[in-house]
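Residue numbers (our numbering), protein chains in the order written: chain A, 1 to 378; chain B, 1 to 378; chain C, 1 to 378; chain D, 1 to 378.
The set of hints was computed from the structure by calculation and includes no laboratory data. Glycine included, every Cβ here is placed at the ideal spot set by N, Cα and C. Watch out, some of these pointers could steer you wrong.
[Stated by the list, open to error] Output of the computed footprint for chain D on chain C, the stretches with three or more beta carbons under 8 Å from beta carbons of chain D: (1) 107-116; (2) 269-279.
[Said to hold, decoys possible] Dumping the calculated SDA-like pairs for lysine to any residue here, alpha-carbon to alpha-carbon at most 25 Å: (3) C/K156 / D/E172; (4) A/K367 / B/R216; (5) A/K3 / D/N5.
Protein chains: 4
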Amino acid sequence: MKKLNYGMVGGGPGSFIGDAHRKSINIDAMATLVAGCFSRTLEKCQQTGAELGVDPARCYASFEEMAKAEAAREDGIDFAVVVTPNVSHYAACKAFLEAGIHVSCDKPLCLTVEQAEDLVRLADEKGLLFLVTYTYMGHVTAKHIRKFIADGKLGKVRTVMAEYPQGWLAYEGEWGGTQGAWRCDPAQSGGVNCLGDLGTHVENAVATLTGLKVKRVLAKMDIVVPGRVLDDNDVILVEYEGGATGCYWTSQFAIGHDNDLRVRIYGEDGSILWKQEECEKVTMISREGTIIERHRGNGGIEDCAAAYGRLPSGHTEGWLESMGNLYKSFITCLNAKKDGTFTPDMIDFPTVHDGAEGVKFVHACLKSNANGNVWVDL
Amino acid sequence: MKKLNYGMVGGGPGSFIGDAHRKSINIDAMATLVAGCFSRTLEKCQQTGAELGVDPARCYASFEEMAKAEAAREDGIDFAVVVTPNVSHYAACKAFLEAGIHVSCDKPLCLTVEQAEDLVRLADEKGLLFLVTYTYMGHVTAKHIRKFIADGKLGKVRTVMAEYPQGWLAYEGEWGGTQGAWRCDPAQSGGVNCLGDLGTHVENAVATLTGLKVKRVLAKMDIVVPGRVLDDNDVILVEYEGGATGCYWTSQFAIGHDNDLRVRIYGEDGSILWKQEECEKVTMISREGTIIERHRGNGGIEDCAAAYGRLPSGHTEGWLESMGNLYKSFITCLNAKKDGTFTPDMIDFPTVHDGAEGVKFVHACLKSNANGNVWVDL
Amino acid sequence: MKKLNYGMVGGGPGSFIGDAHRKSINIDAMATLVAGCFSRTLEKCQQTGAELGVDPARCYASFEEMAKAEAAREDGIDFAVVVTPNVSHYAACKAFLEAGIHVSCDKPLCLTVEQAEDLVRLADEKGLLFLVTYTYMGHVTAKHIRKFIADGKLGKVRTVMAEYPQGWLAYEGEWGGTQGAWRCDPAQSGGVNCLGDLGTHVENAVATLTGLKVKRVLAKMDIVVPGRVLDDNDVILVEYEGGATGCYWTSQFAIGHDNDLRVRIYGEDGSILWKQEECEKVTMISREGTIIERHRGNGGIEDCAAAYGRLPSGHTEGWLESMGNLYKSFITCLNAKKDGTFTPDMIDFPTVHDGAEGVKFVHACLKSNANGNVWVDL
Amino acid sequence: MKKLNYGMVGGGPGSFIGDAHRKSINIDAMATLVAGCFSRTLEKCQQTGAELGVDPARCYASFEEMAKAEAAREDGIDFAVVVTPNVSHYAACKAFLEAGIHVSCDKPLCLTVEQAEDLVRLADEKGLLFLVTYTYMGHVTAKHIRKFIADGKLGKVRTVMAEYPQGWLAYEGEWGGTQGAWRCDPAQSGGVNCLGDLGTHVENAVATLTGLKVKRVLAKMDIVVPGRVLDDNDVILVEYEGGATGCYWTSQFAIGHDNDLRVRIYGEDGSILWKQEECEKVTMISREGTIIERHRGNGGIEDCAAAYGRLPSGHTEGWLESMGNLYKSFITCLNAKKDGTFTPDMIDFPTVHDGAEGVKFVHACLKSNANGNVWVDL
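Use the sequences and the hints to build the structure in full.
So, in structure tokens, the structure goes:
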């Protein structure tokens, strides 16, 4: 596979997610960082660039400039990684799409349904690949579950219980630091906090694992920690097309939960329990009640999922590998685009379409909550 | 402590709960079974009586007869244990109360709010003790949590996530046997199945552990397994007086869950996680994020809770001991009544008042569900 | 089944194990306590007797007197329960056997191999039943494993890792109380502490679960906590007949372990992991590496084991039920003796023969350790 | 920090460990692979080189040639990574040391005590840094434990139970593939299999975490799986200087264990339990018996350990990050060497001295086993 070149928007000093994207891409050494607009001033941007070995000439003061300049270079970037605060996702992604450059954007995709639909339209029209980095669906075990259920091995899904509690924002001011500050600030995160940050992961995880489509939601979004202006605890009742039901919970003050995304899926022929913090295993209960635990790297994992593993079982792969798996498929597809061998069924990563589903979900929830916790169709 | 005498209504062949009550009472040998109306015919009743060493003269064909006859004896029973299907609870309890006999009744207390209020009134008027056997709150760890929170050590409770999934009724007909049959039959269980059987335990557990009072509920009660006519999967949104929120889930088709009552309580100063299937431990997370696990029998358990332990730590106490703890307090109070030393603060068991709260909760949920999942005040 | 009568030697105030035996027998109400020699003075003995509802005339000042008197009564006890400190086991058991009374004795059976062989001889000659209460082998899951392995489903056993650490005696004086005092006192416990108290459970558990017979041992028995004169940490290498190997560890200062008997069995066709503190489940790994967890009360448990369950799965049965299961088989056999229907294959409890194996094991270990950790044949 | 250049010996097609080293180094992008002798023929070597982006001119047919050539280049490699089968470690390491090039070598360091002492001597004489990649000690939690114990917070260590079972070689031929083949082949692995592969990790983990020095060992090394000629199940009794004791177990046929290195340390003031498969957490039990679980990324982790974390808590770091942490310190020290700022206390990775301890440990065990499981001084 040809090693590609990429540029990054965001990811300056203090950015957790930018550094994490870079490390994830590094693991398999499939792409090199060659350009960036890491911060809002050229000086700070070049400083970060210097630390990362990026040519100062390819450090840009704005993403608009970067998109144009890179599109004009013969050796311009193959794709752009957008890891700014949520409020800038739309404009940055749009700039690269319009310049004909493939995009990887962190979730949530953008702030409004209109923005989301615009990005979908642009990517589709231009024939560009668009990865939305719902990290957790890159796990081998997540891919295993998706295939297992898609093959009908769990029977019809009856109900889904999914949750994503964290505890790091249990106190205003004291905890959270920079990361907490922008998430709780409407100006940077959009008009939603916890549900945008965590709830979109839940929505995507359930959709990805089960293939279910949300029909309508009833949301209760609460602002609990004193001093907050945006939601920090949300419970969502869900009805899916076909009759299955679900319940999602996200929280930012659930002390004791680090990053506790869990999905429990109950079908006619058994159940599946999955927990991202213990993502090396999956628990499957058969119709007869036998509890079976399978580990990444051992037998019994679906081949298409197992293929993503790098290490033998018991040699823990974690968050970076999971993100790396998204990039592995994305970069494989980009290479195939170059070779002319690309076909859409090669896509094994969340796309702009999935990102748009997340935005629609959030907005239906906001509406339900605003109207007194009533059902709202998606 | 004086050994008391008791009689039982229900608990004939095939009854799980009747045998379980008897075994629980046996452990500490604080009461002897001396009378019963175990089945609906005298012959079957005497057959069970013979197996249990009960004098045939004190085996009765009806609970009305039993109440009268025992009340008339000088050596009549000290208390009656009612373990029939739900539909008969009210009449049986009423008969004994009217006869001036203390009562222990399995949950749910009865079918309607009117019945519940009637039993409360009767017990209060007659000054009789009335135990409703919400078994799980007898656990040492449950008593520990209640004291811990009541003392303010968790700060103000912010949200509660509680659930009680089971999987044994995942298929109609195949699973469940007699136990399943009556629960799913409106004629025997009243107009509610899963929420009455499991949801009332959740309601009582949260109320007992946190001291919170339910203000209003929004319930989604679903009938999922083909062939069922009553609810078998319920999600309830809860608002408590004082502003805290909660979410309860119960299910009977969640394959892989045996009897999985769990309560997670998130407060300002930490969290508590409790799971009845691992009731020998309690997990407490402090404000600083340190995860602390305490075991029954070890240091750090509140004294008033630890006093109920019978065995050293690591020598598992389970369901029967938990039920036995309810009876231990109940019988202690009955003895105190006899001695004239009884005071209400001695009561350390769920009473008819708690049972009535459960019935009100169920009816508010039924109303919410019938009206399209809207908020209903309690 | 006819309810039997029993007497107890030991079990006075402060005795954990005497009370535990009584509670275990109570659960299923299969025998009534009618006689006892609970303490060393008649006065204290009658005091305990009064609390337990035992006729003062059947409270005895010595077990010799008790054995003679009860043997002479037409309504004499059906069996005697010996729960004194270890040093008195032999004499007490011998007295009842000689009087023709069946015996249940706590482990370890006695202090010397000669004593053990004498008790075996006596019981066999007299045709008396003799239960040695290795409690943990009463668990349903333990019985399941024994049957599973006996049926060859694990293939040939290759190695066994078993351990039983506790932490309650980590400090001299401070911890342990009366229970600790007699165990650490050579005059009361015999010349061995940790290995006698815990190591015999490990030996019996492995022998029971796997059917393996110990060929030789290499023991390292250490005295670690300052002030101790007997072993408090032991590691034993084991070779079994047929070539399998094992390693046993017991400790009394392993802080954090309550009562942590675990056995891990590795066979040609899979592995089994069992932990008495979580005795409601058993983990079995098949040849293909699939990890399977089975719960008491669910399908997949061997019928002969499942039959001992009293409650549905998820309604925890613990230590008392396990001990109760030993008594259930013992009392069933005693009843069969009375009926003339007894056959030796009905015995489903550890006997005096198993107890004697434990004593031989301890003495081989003591010899190995005394000689510098060399191999000693059993 | 300046990005360095490295070369690799071994790590051709089918090599697990070579690829793992490369990925680990990639994560933090602190060094670039620029030279290699990946296989035994130049052709195969260049083929791998091409895939890895290495200049064909710097692909070598032998490590001797590579050492000389790279030492002669102005832009020669900063360090060499040796990841061949064990039998070649000594000669390869020696070649680079003699050429004045720093070395990273996978464990076990080499085959004989003489070889080990030679490498120690060479590295010390030349003033070269020498990393031996005992991966697991790179974990943040491992570093935390080391500091915690070194600071005396656990009191004097009393006993250590450590184990490293795997199950992947439970059957000859069927399982294991290439990786299994060379480990079980005396010609490639040296005269030891399981103890060299896994036992050295156990020895190093205990030494690193506790600071204890082994005084003598008593080893039982068994050959169990039919067809094997080298040990596949080992139990080692250990006495440390200062009086503490230990017991180590390693196995390759323990079905159900993937890569299950665990260390349990029992001190006067508490216990520590650590399990590399769940390396994001550490369990610490205080003198009072409180069980405390701490997670990487949360408070309560020693600062010098926490500094190695890359992601927030709950965003799992695994095996590659752990190995990466070793390289982070190694490369930091190499940079300091260049800058002239290096001091020996900067070394926070296992060195050739630690590697030599491992070789001595293995040889003492081999001698103990050969002489009938007797004590052998180190």
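**Request:** Give me the numbers of the hints this structure contradicts, sorted from smallest to largest.
**Result:** 1
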